[in-house]
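Engineer: Input sequences plus hints: build the corresponding full structure.
Protein chains in written order, with the numbering used here: chain A, 1 to 568; chain B, 569 to 903.
In short, the hints are calculated from the structure, not lab data. Treat the hints with care, as some may be off.
[As the list claims (entries may be wrong)] For lysine to aspartate or glutamate, the following EDC-like pairs were computed, each having C-alpha atoms within a straight-line distance of at most 20 angstroms: (1) A:Lys316 x A:Asp442; (2) B:Lys745 x A:Glu235; (3) A:Lys257 x B:Asp796; (4) A:Lys120 x A:Glu106.
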Amino acid sequence: MNTKKGLTTIQAILIIIILVIAAAGSYVWYSYYTKKKAPPQEEEVTPKVEEVTLIVPRGGIVMTLDPAESYSVPTHEVIVPVYETLLRYDPKNTSHLIPWLAESWEVGKNGMWYVFHLRKNVTFHCGTPFNASAVIYSFNRTISLMEEKGFGPGWVISAIDIEHCKIIDPYTVNITLKYPYAPFLYALAAQWGPLIICPACCKAHATPEDPWAYEYMKEHMCGTGPYMLAEWVREDHVTLVKNPNYWKGWKGKHVDKIYMPIIEESSTRRLRLEEGSIDIGGLTLEDAIAVNGTPGIIVEVVPSLNNLMIFMNTQKPPLNNKLVRQAISYIFDYEGAVETIRHGLGAQARGPLPSALWGWDPECPQYTHNLTKAKELLEKAGYKPEDIKLELWYIETVEEERRVAELLQAEAAKIGVTIELRGTTWAGLNDVLRPGSGNATDAADMAILYWYPDFADPDDYLSNMYYCYNESDPTNIYSYPYFNWAYYCNSTLNRILDEARRTTNFTRRVELYKMAQRIIVEDAPALFIFEEPAILTYRSWVKGYYFNPCYVGTIDFYSIYIEGRESR
Amino acid sequence: MKLWQFILRRLILMIPLLLGITLLTFTISHLVPGDPARLAAGLHAPPEVVEIMRRRLGLDKPLYVQYYLYMKRLIRGDLGTSIMTRRPVIEDILTRWPGTIELTTFAMIIIILMGIPLGIISSTNKDKPLDHFLRIFSLFGVSIPSFWLALLLQLLFCKYLKIFPLGYRIDPGIYLKRITGFNIIDSIITLNLKALLNSLWHIFLPAFTLALQGMATVQRLLRSNMLDALTQDYIRMARAKGLPERKVIYRHALRNSLIPVVTVIGLMYGGMLGGTFIIESIFSWQGLGRYGARAILNLDFPAIMGTTIMYTVIYAIANLIVDILYAYLDPRIRY
Numbered sequence: 001m002n003t004k005k006g007l008t009t010i011q012a013i014l015i016i017i018i019l020v021i022a023a024a025g026s027y028v029w030y031s032y033y034t035k036k037k038a039p040p041q042e043e044e045v046t047p048k049v050e051e052v053t054l055i056v057p058r059g060g061i062v063m064t065l066d067p068a069e070s071y072s073v074p075t076h077e078v079i080v081p082v083y084e085t086l087l088r089y090d091p092k093n094t095s096h097l098i099p100w101l102a103e104s105w106e107v108g109k110n111g112m113w114y115v116f117h118l119r120k121n122v123t124f125h126c127g128t129p130f131n132a133s134a135v136i137y138s139f140n141r142t143i144s145l146m147e148e149k150g151f152g153p154g155w156v157i158s159a160i161d162i163e164h165c166k167i168i169d170p171y172t173v174n175i176t177l178k179y180p181y182a183p184f185l186y187a188l189a190a191q192w193g194p195l196i197i198c199p200a201c202c203k204a205h206a207t208p209e210d211p212w213a214y215e216y217m218k219e220h221m222c223g224t225g226p227y228m229l230a231e232w233v234r235e236d237h238v239t240l241v242k243n244p245n246y247w248k249g250w251k252g253k254h255v256d257k258i259y260m261p262i263i264e265e266s267s268t269r270r271l272r273l274e275e276g277s278i279d280i281g282g283l284t285l286e287d288a289i290a291v292n293g294t295p296g297i298i299v300e301v302v303p304s305l306n307n308l309m310i311f312m313n314t315q316k317p318p319l320n321n322k323l324v325r326q327a328i329s330y331i332f333d334y335e336g337a338v339e340t341i342r343h344g345l346g347a348q349a350r351g352p353l354p355s356a357l358w359g360w361d362p363e364c365p366q367y368t369h370n371l372t373k374a375k376e377l378l379e380k381a382g383y384k385p386e387d388i389k390l391e392l393w394y395i396e397t398v399e400e401e402r403r404v405a406e407l408l409q410a411e412a413a414k415i416g417v418t419i420e421l422r423g424t425t426w427a428g429l430n431d432v433l434r435p436g437s438g439n440a441t442d443a444a445d446m447a448i449l450y451w452y453p454d455f456a457d458p459d460d461y462l463s464n465m466y467y468c469y470n471e472s473d474p475t476n477i478y479s480y481p482y483f484n485w486a487y488y489c490n491s492t493l494n495r496i497l498d499e500a501r502r503t504t505n506f507t508r509r510v511e512l513y514k515m516a517q518r519i520i521v522e523d524a525p526a527l528f529i530f531e532e533p534a535i536l537t538y539r540s541w542v543k544g545y546y547f548n549p550c551y552v553g554t555i556d557f558y559s560i561y562i563e564g565r566e567s568r
Numbered sequence: 569m570k571l572w573q574f575i576l577r578r579l580i581l582m583i584p585l586l587l588g589i590t591l592l593t594f595t596i597s598h599l600v601p602g603d604p605a606r607l608a609a610g611l612h613a614p615p616e617v618v619e620i621m622r623r624r625l626g627l628d629k630p631l632y633v634q635y636y637l638y639m640k641r642l643i644r645g646d647l648g649t650s651i652m653t654r655r656p657v658i659e660d661i662l663t664r665w666p667g668t669i670e671l672t673t674f675a676m677i678i679i680i681l682m683g684i685p686l687g688i689i690s691s692t693n694k695d696k697p698l699d700h701f702l703r704i705f706s707l708f709g710v711s712i713p714s715f716w717l718a719l720l721l722q723l724l725f726c727k728y729l730k731i732f733p734l735g736y737r738i739d740p741g742i743y744l745k746r747i748t749g750f751n752i753i754d755s756i757i758t759l760n761l762k763a764l765l766n767s768l769w770h771i772f773l774p775a776f777t778l779a780l781q782g783m784a785t786v787q788r789l790l791r792s793n794m795l796d797a798l799t800q801d802y803i804r805m806a807r808a809k810g811l812p813e814r815k816v817i818y819r820h821a822l823r824n825s826l827i828p829v830v831t832v833i834g835l836m837y838g839g840m841l842g843g844t845f846i847i848e849s850i851f852s853w854q855g856l857g858r859y860g861a862r863a864i865l866n867l868d869f870p871a872i873m874g875t876t877i878m879y880t881v882i883y884a885i886a887n888l889i890v891d892i893l894y895a896y897l898d899p900r901i902r903y
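Structural biologist: Pasting the structure below:
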């Protein structure tokens, strides 16, 4: 035998033995170490200091820190505690606006301008005082970045005519609109769009190529909010600390620091909530139901403004016949859907608006599950149920949409109507709803949509989904707003929505929206499936946590404090 | 041919491979129905705004023009800007790839350290209860879906037994100076024992999940190869000349049975890279797999392309290393 070869084998065996011993040794060492200082994860999550840290997981990455660009919930969770608006919504009454950075306001007679009297003792995180020019600068920046770069949230305030806005004095600003737009005040309280950013910070980092300092502001933050950015580790976590100069002050109980790690899987968040290593869960319905009743965990069901709808293409036979659409509306089992899909949490929607939104009509008629009626209507329309074959598109990854689709399919089959299910991605829906021909009769028969509010005004729902720009060309998909997936065009409704957008008389607006809801329900361009309440899951030591239905997915951290939690 | 010539040739051959991969990925990802411009602008954004976004992302141009522009930038080393993270894909990849390499390499070590001994034990105890037990174990290992196993292990070890952490590469409170991006290496360099132990503690469960299938495959393959080898004439010869059984097994049978195992292990590296897409998502592991999975869900073309290219390079290099290892294991093979 070759000595050299023998040596190599011995060397190899030695290496393996060393590796095994090292692995075993480190395990033994570590288990000793963990036993001695158990449990390590609870001790080392946060440094041992007096300050109170709230740990809130986020479900996705922060794409940008620029408030003019952010238009997704995971990103906005970080934006909202830092950047504020002139007005905010009252969490208990969506029609009521709370003065925030603006102390009071006046509305011009024709609704073309608004004067805001601003709060005086407010400073940005960098120390620059907040004033009228900051308001105009922020709006201008958001709208300009939308026009230049295609950032989404700017559309919420696109009615503003920046050139004609005036600074009356440092704390009074006149905001002029391009056209009368009654939802404007509500749009100004939205969490996306009208956020106020520090002009000094932006100007200091502006370059000729980047006049709005987007490249800088997408990685830095400077607002007036209660919390400031301390650390942003991409794909990992964000830490916010309290702004010591916050204009509302820090009397009372609050948290000093908010630590937001990314935990994408709801099941992982659930385990962490159960072991108490996070304070707020943000769980899916299934996981929330599973932890319900666990000592130390609170599961709260609160109304939200989220609605689920199935649109029917009103330009395409047989759904262009109102009676057929009504028949389909009678086919769906609304109560069964709430019971089985929502586990009883939620309710059948009454009309196109959510019940928690102002302007909703509590007496609006509702379709019920009535197969006999459905058959009668089909007969009246001149169709045999067997002749009706429809395709229903939904987003595959949204479990509830799939189950709603299957339920409709099963119920329709009972009377002989065929509904074929077509699962796709959110992005894929675009292709079937906006066919290349531009003709609505080539678009999908039916499609499911979840709607959450951009701002709490019925206009955000009705004008986005049931308005028609050009009544003379109803089969052209470009005659409709993007989300009018039913290609529904009704001139009476158009006139009502137009008037409701113009008049600043609140009572009149409510009246008009009630009329609109009844017209829509009668014409049945969509099935109004259910209202989805929000589900809050958190440890019982978290106090002051509430849900504002107008602010989807974001949390008012300023109101939260911790009581009775063992130090981590 | 000398070894360096062989390596050089293989590296040059990677260029057409990468070209093919980019063309394929580019075409497939762009043929998937969908509108990344809408996703980037925001779901409720009006169509005009989405159009501006589309132009900015260059998605309004014909596909071949988009590919040409992409390749032109790629040659200069520019992988484009990710739609979802809004920063250069190359930066995203550079911060994430150590996580994936660390995880797969650790899993590979588990496969080798456990799969090979188990295969030997199984073959030397042929048809005995221990062999049966190990065969059932390996059947379980090969057939169990990794995403299910991951959740099960999380439930068992993290929730009930509380001996492993739920996810992440290191506890958030532990400070580790980033030098190479590999937590284990960085903590050794900086002599940070706490970070080293914590990283090992974090990596074990995801790496074990990733390794189980490979471990079982190696065990089964080695067992059958060993059984085959043990009936060969040279073994009979070795036994006849009075070599101790241990030497017969380790020096003669094992060494001859290892070559197909090394091939499989090399290919397995590719399989494991694919597995990281799921494992990293479940264990909140900061690596390329989780990044790639998210890129696909968001139709983030530049990120999908960047991830694919990176995975191809890693896979090709892993295969190259296997080929070099052959020479060590089997002196008959020369390049």
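Engineer: Just pull the numbers of the violated hints for me, sorted ascending.
Structural biologist: Number 3 only.
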